[in-house]
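**Q** What follows is the residue order along each chain.
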Amino acid sequence: MTKMVLPDSVERILLDEATIQQRVVALAEQITADYAGIRNEDFLLIGVLKGSFIFLADLSRRLNVPHRVDFIALSSYADTAEASGAVRMIMDTRADVAGRHVLIVEDILDTGYTISYLQRVFSARQPASLRTCVLLSKPERRVVEVPVDYLGFEIPDVWVVGYGLDFADRFRTLPYIAALKPSAYQ
Amino acid sequence: MSMYDDIAKVLITEQQIQARVRELAAELNDRYDDDAPPLFVCILKGAYMFMSDLTRHLKFRHEIEFMEVSSYGGGTRSSGVVRILLDLESNIENRNVVIVEDIVDSGRTLDYILRNFRTRNPLNLRVATLLSKPSRREINVPVNYMGFEVPDEFVIGYGLDFKEQYRNLPFIGVLKPEVYATEEA
Numbered sequence: 032m033t034k035m036v037l038p039d040s041v042e043r044i045l046l047d048e049a050t051i052q053q054r055v056v057a058l059a060e061q062i063t064a065d066y067a068g069i070r071n072e073d074f075l076l077i078g079v080l081k082g083s084f085i086f087l088a089d090l091s092r093r094l095n096v097p098h099r100v101d102f103i104a105l106s107s108y109a110d111t112a113e114a115s116g117a118v119r120m121i122m123d124t125r126a127d128v129a130g131r132h133v134l135i136v137e138d139i140l141d142t143g144y145t146i147s148y149l150q151r152v153f154s155a156r157q158p159a160s161l162r163t164c165v166l167l168s169k170p171e172r173r174v175v176e177v178p179v180d181y182l183g184f185e186i187p188d189v190w191v192v193g194y195g196l197d198f199a200d201r202f203r204t205l206p207y208i209a210a211l212k213p214s215a216y217q
Numbered sequence: 002m003s004m005y006d007d008i009a010k011v012l013i014t015e016q017q018i019q020a021r022v023r024e025l026a027a028e029l030n031d032r033y034d035d036d037a038p039p040l041f042v043c044i045l046k047g048a049y050m051f052m053s054d055l056t057r058h059l060k061f062r063h064e065i066e067f068m069e070v071s072s073y074g075g076g077t078r079s080s081g082v083v084r085i086l087l088d089l090e091s092n093i094e095n096r097n098v099v100i101v102e103d104i105v106d107s108g109r110t111l112d113y114i115l116r117n118f119r120t121r122n123p124l125n126l127r128v129a130t131l132l133s134k135p136s137r138r139e140i141n142v143p144v145n146y147m148g149f150e151v152p153d154e155f156v157i158g159y160g161l162d163f164k165e166q167y168r169n170l171p172f173i174g175v176l177k178p179e180v181y182a183t184e185e186a
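Chains as they are written, first to last, in the working numbering: chain R, 32 to 217; chain F, 2 to 186.
The hints are simulated quantities; they were obtained by calculation from the structure and are not laboratory data.
We treat Cβ as the ideally placed atom computed from N, Cα and C, and that holds for glycine.
Listing some non-contacts, in silico: residues in chain R with all C-beta distances to chain F over 12 Å:
no., residue
1, E42
2, T111
3, A114
4, V175
5, V177
6, D180
Covered stretches of chain R (in silico footprint by chain F; criterion: 3 or more residues with CB under 8 Å from a CB of chain F, positions within the stretch not fixed):
no., region
7, 78-87
8, 100-108
9, 119-133
10, 199-209
Please model the complete structure; the sequences and the hints are all you need to start from.
**A** Dropping the structure here:
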């Protein structure tokens, strides 16, 4: 990779563009093999906005199995304890989940509260199957164990930005994943 | 069964798209800087692929938002009135805003979104679209950044769908007429 100028709040690149793309291709091959033969109407990728949109865009274009793409948008409740994981679904899927093979696509698995909540919500809608694909996981942060079927990378407990992840809405579209300087968020 | 059986031809290859997206990003990099970070608004679902590639090449500070709209169907098509399923989180008053679209066809939906946004008093409102079908235009809409002009054919891929299929293809293809002809009958 050519030398690049990092934004001044960025400490170092954790995962460069080529490393991410290689891993996304490998995940796409694995998913393609697992879902081979499924009809387009039956396979639904659900991207969680905003964080997963770049990952979803790259993953879906490398899949060699027909599928639909859907997006959901979430917001936290002001008066609900984080531990419940309960989030307000500002925008639900457009497609009906019942009877379909659903793959939730998320940018990062942290405490596990949100993904656990989403898995409960979608499994209650009686999909044909429900799996989860996550680009990043911070195992040190985990409070709730959640099953993850496809994982990109395990990373240490540092504040990461780029490839969909933000800090105060900044750095979201960097093509790589970088660690933020602690001085930027402390 | 292959995903590609219904595709008559590839209109724009993945390499052509990627090269053009970099050129569009370069134009944006010339215009905007960190002093007044613009907000890029991706119109779902179609523009998610274009948005993800375009914004990766931007060198200036910016924020992104998503908006999903749905037509009412029935007799309202000509008015362009759409239902906003997901609105912006942030206030765009006095901000530079760039709307990111996959395709401008009749122009009616985009015109409606533009009129809606103008009521929110942005500082500046611009439009970036990957594709434009000028032969289909019914209403004049300003397009500031345009990837490719395409003929009046049924295009799919790179975000564009036919009945929720083919969105994920990394290229722009043309659907075989027999695939959608049966739908219109």
